[in-house]
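Heads up: the protein sequence lines correspond to chains L and F, in order. One rule links them: number in this note's numbering = place in the first sequence (from 1) + 56. One rule links them: number in this note's numbering = place in the second sequence (from 1) + 25.
The set of hints was computed from the structure by calculation and includes no laboratory data. Beta carbons: idealized from backbone N, C-alpha and C, even for Gly. Some hints here could point you the wrong way.
Below, computed lysine-lysine pairings styled on DSBU-like, alpha-carbon distance capped at 35 angstroms [said to hold, decoys possible]:
{"id": "1", "chain 1": "L", "residue 1": "K72", "chain 2": "F", "residue 2": "K162"}
{"id": "2", "chain 1": "L", "residue 1": "K319", "chain 2": "F", "residue 2": "K162"}
{"id": "3", "chain 1": "L", "residue 1": "K319", "chain 2": "F", "residue 2": "K232"}
{"id": "4", "chain 1": "L", "residue 1": "K313", "chain 2": "F", "residue 2": "K162"}
{"id": "5", "chain 1": "F", "residue 1": "K141", "chain 2": "F", "residue 2": "K162"}
{"id": "6", "chain 1": "L", "residue 1": "K72", "chain 2": "F", "residue 2": "K141"}
Away from chain L, derived, C-beta distances all over 12 angstroms, residues of chain F [claimed, not checked]:
{"id": "7", "residue": "E146"}
{"id": "8", "residue": "A156"}
{"id": "9", "residue": "M168"}
{"id": "10", "residue": "M200"}
{"id": "11", "residue": "V210"}
{"id": "12", "residue": "I242"}
{"id": "13", "residue": "G245"}
{"id": "14", "residue": "D260"}
{"id": "15", "residue": "E283"}
{"id": "16", "residue": "Q309"}
{"id": "17", "residue": "V318"}
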Amino acid sequence: MSSLRWTISDTLTLTKRDLLHWRYEPSRIAWTLAFPVMSILLFGYVFGSAIVVPGGEDYREYLMPGLFVMAAAFGITETLFGIAMDTERGITNRLRAMPMSRVAILGGGCVAAMINAVVNFVVMIAMGLVVGWSWHDGIVNALLAVLLLLLLRFSVLWIGIWTGLQIRSIETAGNVSGLLFPFTMISSIFVSPSQMPGWLQTIAEWNPLSSTVGAARELFGNGGPASDSWVAQHAIEMAIVWPLVLTAIFAPLAVRKYQAMSK
Amino acid sequence: MTDGRPAIVAAGLRKRFGEKVALDGLDLEVPAGTVLGLLGPNGAGKTTAVSILTTLLRADGGRAEVAGLDVAAHAPEVRARIGLTGQTDAIDEILSGRQNLELFGRLHHLSPRESKRRAAELLEQFGLTEAGDRQAKGYSGGMKRRLDLAVSFITAPQVLFLDEPTTGQDPRNRMEVWSVVRELVAGGTTVLLTTHYLDEADQLADKISVVDRGRVIAEGTPDALKRRLGASQVDLVLRDDDGVTAAAGILARVSDAEPVVDRSRRSVSAPVHDRVASLTEVLQAVQAAGVAVEDVALRQPTLDDVFLQLTGSRADGGEADPTPDDAEEVAA
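Build out the structure end to end from the sequences listed, making use of the hints.
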């Protein structure tokens, strides 16, 4: 068999490994699903009652695209823990000492993470429909929005791999994922940056997550641009540019870090 | 390996991590079908040596060959011929023992059918058939270790690397590992075993290389090394400083080696050959000299004694240089 076929075969073998994890530890899946559900309840109903959306729309309608993006961002923790655990356990070294494809060692986790992301979005969309959210600009735009969300998830994956290779222990993985919270808060996920102080507004609007949030709101028809600023007005373009830029930075960094394990 | 070439060769291996020199011209030669014990304290370079020989790390200098292949030039071919069991159980604990073996079998590029067959065979061979379909996280420490060894043995490798396979294991697990390793060796596998424990090397190894600061400082059969150390070690603890000096003089006469004196603990130790006879001789001489003895012990030599004799420094001297050796041992 050619090396390309082995790369594919090994990647699928390791993807299957991750999928088996979900079968044996449904609690892990339950947690990734419980998180968005809790967020909808917490932010949609507890805080939502006190939050005023510019334009006076329904807050839960406004919130859902933000939560989709939050789920994509938090997908990083899964990758982080997976890699840190394999490294700490010595599984990564075991794989590296085997005659398998080098690419597949990272590739298997990537494919599994993207499958996980698709499942996650489907469940969240269903949840959204239950609490009264919907898309209003046709199914094509709605699917485009989902594609942009998956693109963001893909770029986040590489940040997760790079960070995971950096830290090498499960304990640190827990600490690092706590840093995600402020990053998701200072964005347009929960509230419009136009309601923040000027300097914070600029940071929040240029947060890559905000662009995907804005693009998803626009494509789902869940509210217009957050403000008149250039970056808010070009949300869809930036929702393509940001993930590509992030991938272009972090994918090579992750691969370099991985190769440096033998230095 | 029937061509008579050694299964493992390291010639002048060098490796440094930043300022810290991990390997400083390490030489090894392991004939096919034999077991070499690599004995040394934390940070001596044992894990670094194994990492280079198993293609996980690139050496800065020197040459390394496994199964007749240069590890740098033929890494994929080398990987197809080796097995590696490290200090941690590198198994997927969420999966069952059988799934682990099938997973790693597939990654060794066995067909699905072959990997299933091989998994069943290995479960049997390593005494895990009954537990084979349970999640590995429910296994005992010894079972996890056996599963880890079974994974390393999926392709019946020519050369097996065991990097401190029993560190942190209780005595029963250690004996289990030993008996598994003996079986594999009987099947013709060449083994490189790193360990802290003199008795482990003694049990398993045909030859021992003692490593310190990245180079081999002594080598030979376990018996030869022990002869060098003496069969037993006599420890005396004295009541006062004068007694320490006097006892050191007496031990120097009875032992072939220079006694090791620790003034802070007022103790003197030295290797002896004829256990009880030597002890009696020491005690009589001490009594005759009127030296007040607080405590006396006759014990097996330990790795610490090997190091005190060979290098004059304690094996676990508490040097906290953050080499990969240390880092991994702390993590484990």
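Status of each hint after checking the structure:
no.: 1; hint: L:K72 with F:K162; result: 19 angstroms, holds
no.: 2; hint: L:K319 with F:K162; result: 32 angstroms, holds
no.: 3; hint: L:K319 with F:K232; result: 30 angstroms, holds
no.: 4; hint: L:K313 with F:K162; result: 30 angstroms, holds
no.: 5; hint: F:K141 with F:K162; result: 21 angstroms, holds
no.: 6; hint: L:K72 with F:K141; result: 15 angstroms, holds
no.: 7; hint: E146; result: 19 angstroms, holds
no.: 8; hint: A156; result: 15 angstroms, holds
no.: 9; hint: M168; result: 16 angstroms, holds
no.: 10; hint: M200; result: 23 angstroms, holds
no.: 11; hint: V210; result: 20 angstroms, holds
no.: 12; hint: I242; result: 27 angstroms, holds
no.: 13; hint: G245; result: 29 angstroms, holds
no.: 14; hint: D260; result: 38 angstroms, holds
no.: 15; hint: E283; result: 41 angstroms, holds
no.: 16; hint: Q309; result: 54 angstroms, holds
no.: 17; hint: V318; result: 48 angstroms, holds
Of the hints listed earlier, there is not a single one the structure fails to meet.
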